[in-house]
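Using the working numbering, you'd call the opening residue of the sequence shown number 540 and step up by one each time.
Among the clues, some could well be false.
As the list claims (entries may be wrong) - Below, in silico cross-link-like pairs of lysine-lysine (BS3-like), each with a Cα-Cα straight-line distance of 30 Å or less:
id	residue 1	residue 2
1	Lys724	Lys876
2	Lys951	Lys927
3	Lys1269	Lys1312
4	Lys968	Lys1020
5	Lys1011	Lys968
6	Lys1003	Lys1078
7	Lys756	Lys724
8	Lys1078	Lys1119
9	Lys876	Lys927
10	Lys1119	Lys1020
11	Lys968	Lys756
12	Lys1011	Lys1074
13	Lys1020	Lys1074
14	Lys1003	Lys1119
15	Lys1003	Lys968
16	Lys1078	Lys1011
17	Lys1020	Lys1003
18	Lys951	Lys1011
19	Lys724	Lys1078
20	Lys1003	Lys1074
21	Lys1020	Lys1078
22	Lys951	Lys968
23	Lys1269	Lys1283
24	Lys1283	Lys1312
Honestly, the hints are just simulated from the structure, not real lab data.
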Amino acid sequence: MSTYPRRQVLGTAVGVTAAAALPLASATDAHAAQPLDAQPLGAPAAQWVPVPDPLPVPLDALFDNDAIDSASARGGDFDGSGYTFPGEELPAGPVEVDGIPFLFPSSAAGAKNNIVAMGQRVELPGGRYLSAVFLTAGSYGNASGNATVHYADGSTTTAGLGGADWYAAGGSLSAPYRYTPDGTKDEHSVGIGTSEVWLDPQREAVAITLPVTNPAKANTTSLHVFALSLQPAAQGRALVLRDARSTNSLLESTGAQSVEATVVNAGTVAVLARDAVSVSVDVPGARTVEPARVRRLDPGEQARVRVGIRNRAGTAPGTTRDGSVTVTGRGSRVTAKNSRLTLGTADYQPTESSLSGHQAPYWFNGAKFGIFIHWGVYSVPAWSPVGKQYAEWYWNSLQDPSDAVYAYHREKYGEDFAYDDFIPQFTAKRFDPRAWVELFRDAGAQYHVLTSKHHEGFALWDTKVSDRNSVKLGPRRDLVKELFEASRRYTPELHRGLYFSMPEFFNPDNPWMGHAPRNPYTLEPVPYTGYTAGKDFVKDYQAPQMLELIEGYDPEVIWCDIGGANDSLHVLAEYFNHAKNRARPIDVTVNNRSGIGFHDFTTPEYTTYDNTVVAKWEASRGLDPFSYGYNQATPDDAYMTAEEVVHSLVDIVSKNGNFLLDIGPRADGTIPEIMQTRLRETGRWLRTNGEAIYDTTYWSRTAQLGEDLRFTVRPDEAFYIHSLVRPGAKLTVEAPVPVRSGDKVTMLGHDRPLTWAVRNGALVIDVPEAARKAGRYAWVFKVDWRS
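Input sequences plus hints: build the corresponding full structure.
Encoded structure:
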């Protein structure tokens, strides 16, 4: 793995952490509460009421930081180090972001244009609102804190407000570069995203107090607020449609092209199956073949829906047309949104704009849990200081006389023992690919990602552009082929992916570390075994290797690392075209480390996000305390426990992430027993609780409540409450849980109905001792909407 700065797509949804709920129920009855829908079941159908437009709130009076410069006007300082956003790439004035109108501040020279969150009070136009949506960014890391919503009656609610690090590739509002302190361009994307805070529409909101973070200064994390827009609540039965757009994704059920939109219940009445809410698309040149249905949406809740369309005869793939996405319910039109739609998917071109039509596949969004495998020549020495550095970086660590690896290698192997002398010891003689993939399946993983080539430059497949590979050297086997063939044969339900390092530590034609291989003690040159120098690193080597993997192995994930010199525009266009034009098309995906701005998902490592990030992301880490490759020095009791794995998985999934958990096999191909044990323990938990993980989505109100509760949603079916600690006799959830009379509450693994009530805005569940004993690691409570 790399320590390359993470690039993340911005866009967060943050909700209440301690709030008075909507009046979902007021009963004290032990079994149930009163319905959300105050209208008797037999009453005539009520009409849909209009939803007020979002209300941008000017923040000019509170702006205290200048984050935006231009080539001709300098003077800003966003982060305390003199870096700024480029005004030429950002709007000024009215702008729509994620379907919501904002007033974006001026980028005029010397103008203040954002608030550094330090507890300022933002006065609101008095009214009843569903949510407050901010444009935010973090400087020097992801920034977050608690905001306080003030109501006219003197009450308050507390909510999380965050901003992802601006140093990002893409974002709701993004720029392809930033200005350095001396006014030059730093060719790296930066961005601003949305962060949503839930407000109680039953009370008149009058102000929001921002979190207290830090002043904008170097190496200090600060939250910056650029704009605010309020979504007023409607009184009655009401829906609003946001962010309707065509995608290049296909629906798994029919193979139809997907048009996505967000449906928000902006009223005070629950949407139920009997309301027959449906979403369809009306556009010349295509027809709706799979409308989206919304069968349950409580007040304040939102659902991302997918409508399937197909081109009519004569409409070429890639045709753009003006159309509309329409919501109907109770036999009438509820709302609609006009949108410019692209009909069908033309072949991808090697441009950022063409690739930007791609997104993470639906299978990837639903998979949630994958296994990362770091295996290579570094698995032979397999040593680094425990919990301090990556063992797979052994060769690079060896170059530094102050690094512990430098002294360790000299004492154990001698100064004349080159790194490449480990290659014959990388034997894979006990590699059993069937056992590997069956272990991954038993762990509950939905996909696996093998390091096809790490920074050491040793390829695990039969590459034709270099002999530095596992077929010509070491194992004398095509390890990628063997793993993929076993996976397709024995665990066809798993998706297969490959990691690929874009640069190599000491490749003589493009040494990432600045020099070709050398003896770290004498500094004399040593061979780069199997490699013939004199190539154009990108055109003759890197890009051809990536294409070999794409065309010869059909990976569904390409997990690039580091970035740097590349031809990724051409390679990824070929990747996507190859996948969609196969006799049996597959949905593929790529991360954010291929060296270009485009990506499908972001990849924080050994860390996660504090709040929900709407743009798809995947956190990775090893079972080892700080290594992806096997570290023989790590004792068994230092590895993650199964409880820690489960807690990480639940936390990540609740915030819209996937968890790619890494193992490091030994050089002979065996997986350490402690790793196998942890995976199997995780799998046992998932066999009971997987329905609350796989194919779920985040709760738009909040990802978590305090340290111990997390939430996930299975659209139209169920709401899940994850307790990371063993509950007591009663579980109290002080959040607006979407529950109503007639809903059944159970605990997974116990499955007998539990008594519950909503009291003073909190859901209270009685948890018998038998249920508490049935759980382990995380106790999952299910609100079954289908009952």
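Against the structure, the hints:
{"no.": "1", "hint": "Lys724 - Lys876", "result": "violated, 38 Å"}
{"no.": "2", "hint": "Lys951 - Lys927", "result": "holds, 20 Å"}
{"no.": "3", "hint": "Lys1269 - Lys1312", "result": "holds, 14 Å"}
{"no.": "4", "hint": "Lys968 - Lys1020", "result": "holds, 16 Å"}
{"no.": "5", "hint": "Lys1011 - Lys968", "result": "holds, 15 Å"}
{"no.": "6", "hint": "Lys1003 - Lys1078", "result": "holds, 14 Å"}
{"no.": "7", "hint": "Lys756 - Lys724", "result": "holds, 20 Å"}
{"no.": "8", "hint": "Lys1078 - Lys1119", "result": "holds, 24 Å"}
{"no.": "9", "hint": "Lys876 - Lys927", "result": "violated, 52 Å"}
{"no.": "10", "hint": "Lys1119 - Lys1020", "result": "holds, 22 Å"}
{"no.": "11", "hint": "Lys968 - Lys756", "result": "violated, 54 Å"}
{"no.": "12", "hint": "Lys1011 - Lys1074", "result": "holds, 19 Å"}
{"no.": "13", "hint": "Lys1020 - Lys1074", "result": "holds, 26 Å"}
{"no.": "14", "hint": "Lys1003 - Lys1119", "result": "holds, 25 Å"}
{"no.": "15", "hint": "Lys1003 - Lys968", "result": "holds, 23 Å"}
{"no.": "16", "hint": "Lys1078 - Lys1011", "result": "holds, 22 Å"}
{"no.": "17", "hint": "Lys1020 - Lys1003", "result": "holds, 14 Å"}
{"no.": "18", "hint": "Lys951 - Lys1011", "result": "holds, 27 Å"}
{"no.": "19", "hint": "Lys724 - Lys1078", "result": "holds, 26 Å"}
{"no.": "20", "hint": "Lys1003 - Lys1074", "result": "holds, 14 Å"}
{"no.": "21", "hint": "Lys1020 - Lys1078", "result": "holds, 24 Å"}
{"no.": "22", "hint": "Lys951 - Lys968", "result": "holds, 23 Å"}
{"no.": "23", "hint": "Lys1269 - Lys1283", "result": "holds, 16 Å"}
{"no.": "24", "hint": "Lys1283 - Lys1312", "result": "holds, 21 Å"}
Violated hints for the displayed structure, listed by number in ascending order: 1, 9, 11.
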